[in-house]
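Visitor: Each chain, letter by letter, is given below.
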Amino acid sequence: TAGITQAPTSQILAAGRSMTLRCTQDMRHNAMYWYRQDLGLGLRLIHYSNTAGTTGKGEVPDGYSVSRANTDDFPLTLASAVPSQTSVYFCASSEEGNQPQHFGDGTRLSIL
Amino acid sequence: AQSVTQLGSHVSVSEGALVLLRCNYSSSVPPYLFWYVQYPNQGLQLLLKYTSAATLVKGINGFEAEFKKSETSFHLTKPSAHMSDAAEYFCAVRYSGGYNKLIFGAGTRLAVHP
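Here the protein sequences line up with chains A and B, keeping their order. Quick note: the first sequence uses the numbering used here, first residue 1, plus one each step. Quick note: the second sequence uses the numbering used here, first residue 1, plus one each step.
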């Protein structure tokens with residue numbers, strides 16, 4: 001079915017290692033987002049991209065970077081993972097304007 | 001800055017009972033509001049959205065929400081709970097300073113017991 005694909009579904013990573021979380025959408029949405037979900041905090045925006053070639057910082061960007069080389073892909077990179085980055089990461093996309101965001105199934109990441 | 005408050009991190013109801021999940025927002029202008037549902041090990045699915053049209057919004061699975069500007073609220077209701085409604089529910093408000101950026105509440109976990 002059409003939508004957002006995230007990979008991997010889960011990962012255990014040693015502190016200090018780098019990791020790229022992949023996100024691909026097939027809806028041709030211009031806007032894409034990365035969130036982290038932590039118990040009691042809901043979802044917090046890490047980075048976003050309004051269109052291919054542009055990115056912006058969200059609420060909690062430190063320790064993360066993104067790129068948007070094309071419309072479909074929006075990878076999230078942890079350059080040097082720390083235990084506080086243990087979380088569930090969700091990628092989302094939306095059409096322009098006030099349209100709802102569509103979410104992937106998430107990547108569960110544990111940093112040891 | 002806009003924020004969203006969901007009152008009650010856990011709500012428990014009996015099957016067939018009324019479901020009421022509370023959401024209050026802070027905004028100087030009427031925002032765009034959304035309710036999402038998350039089932040275990042899944043992403044968020046849109047239940048309904050308010051975009052300044054009718055104040056009573058109907059969504060999927062029998063849920064509805066009413067926008068009340070005077071109370072800055074957007075509570076989610078369902079007349080009769082079903083076991084399959086057990087999930088976590090998130091209220092979200094569109095961030096006024098950016099392009100379609102959402103601010104999420106902390107979530108309310110709904111339990112439905114027989």
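None of these hints come from the bench; they were simulated from the model. Owing to the predicted nature of the structure, the values given are computational and were not obtained by experimental measurement. Idealized CB from N, CA, C, for every residue including glycine. Check each hint, because a few of them may be wrong.
Cβ-Cβ distance ranges computed for the label pairs, FRET-style [claimed, not checked]:
(1) PRO61(A) with HIS82(B): 20 to 30 Å
(2) ILE60(B) with SER67(A): 27 to 37 Å
(3) SER18(A) with GLU15(B): 31 to 41 Å
(4) LEU56(B) with ASP26(A): 47 to 57 Å
(5) SER84(B) with ALA14(A): 22 to 32 Å
(6) LEU41(A) with TYR39(B): 31 to 41 Å
(7) ASP26(A) with SER84(B): 22 to 32 Å
(8) ALA14(A) with ALA54(B): 22 to 32 Å
(9) LYS69(B) with ARG28(A): 31 to 41 Å
(10) ASP62(A) with SER84(B): 37 to 47 Å
(11) LEU112(A) with THR55(B): 21 to 31 Å
(12) LEU112(A) with LYS69(B): 30 to 40 Å
(13) GLY16(B) with ARG22(A): 14 to 24 Å
(14) GLU96(A) with ALA53(B): 27 to 37 Å
Covered stretches of chain A (in silico footprint by chain B; criterion: 3 or more residues with CB under 8 Å from a CB of chain B, positions within the stretch not fixed) [stated by the list, open to error]:
(15) 36–47
(16) 99–109
Visitor: Hint by hint, note whether the structure agrees.
Guide: Structure-based check of all given hints:
1. PRO61(A) with HIS82(B): 20 to 30 Å: Check failed, 40 Å falls outside 20 to 30 Å.
2. ILE60(B) with SER67(A): 27 to 37 Å: holds, 34 Å
3. SER18(A) with GLU15(B): 31 to 41 Å: At 48 Å between Cβs, range violated.
4. LEU56(B) with ASP26(A): 47 to 57 Å: Roughly 34 Å apart at Cβ, these two residues miss the hinted range, so it is violated.
5. SER84(B) with ALA14(A): 22 to 32 Å: violated, 40 Å
6. LEU41(A) with TYR39(B): 31 to 41 Å: violated, 19 Å
7. ASP26(A) with SER84(B): 22 to 32 Å: holds, 28 Å
8. ALA14(A) with ALA54(B): 22 to 32 Å: violated, 52 Å
9. LYS69(B) with ARG28(A): 31 to 41 Å: holds, 35 Å
10. ASP62(A) with SER84(B): 37 to 47 Å: Holds, at about 39 Å.
11. LEU112(A) with THR55(B): 21 to 31 Å: Taking Cβ atoms as reference, LEU112(A) and THR55(B) lie about 49 Å apart, which means the hint is violated.
12. LEU112(A) with LYS69(B): 30 to 40 Å: violated, 48 Å
13. GLY16(B) with ARG22(A): 14 to 24 Å: Because 43 Å falls outside the window, the suggested range is violated.
14. GLU96(A) with ALA53(B): 27 to 37 Å: violated, 18 Å
15. 36–47: holds (count 6)
16. 99–109: That given contact holds, which follows from 8 residues of the stretch 99–109 of chain A lying within Cβ reach (below 8 Å) of chain B.
Violated hints for the displayed structure, listed by number in ascending order: 1, 3, 4, 5, 6, 8, 11, 12, 13, 14.
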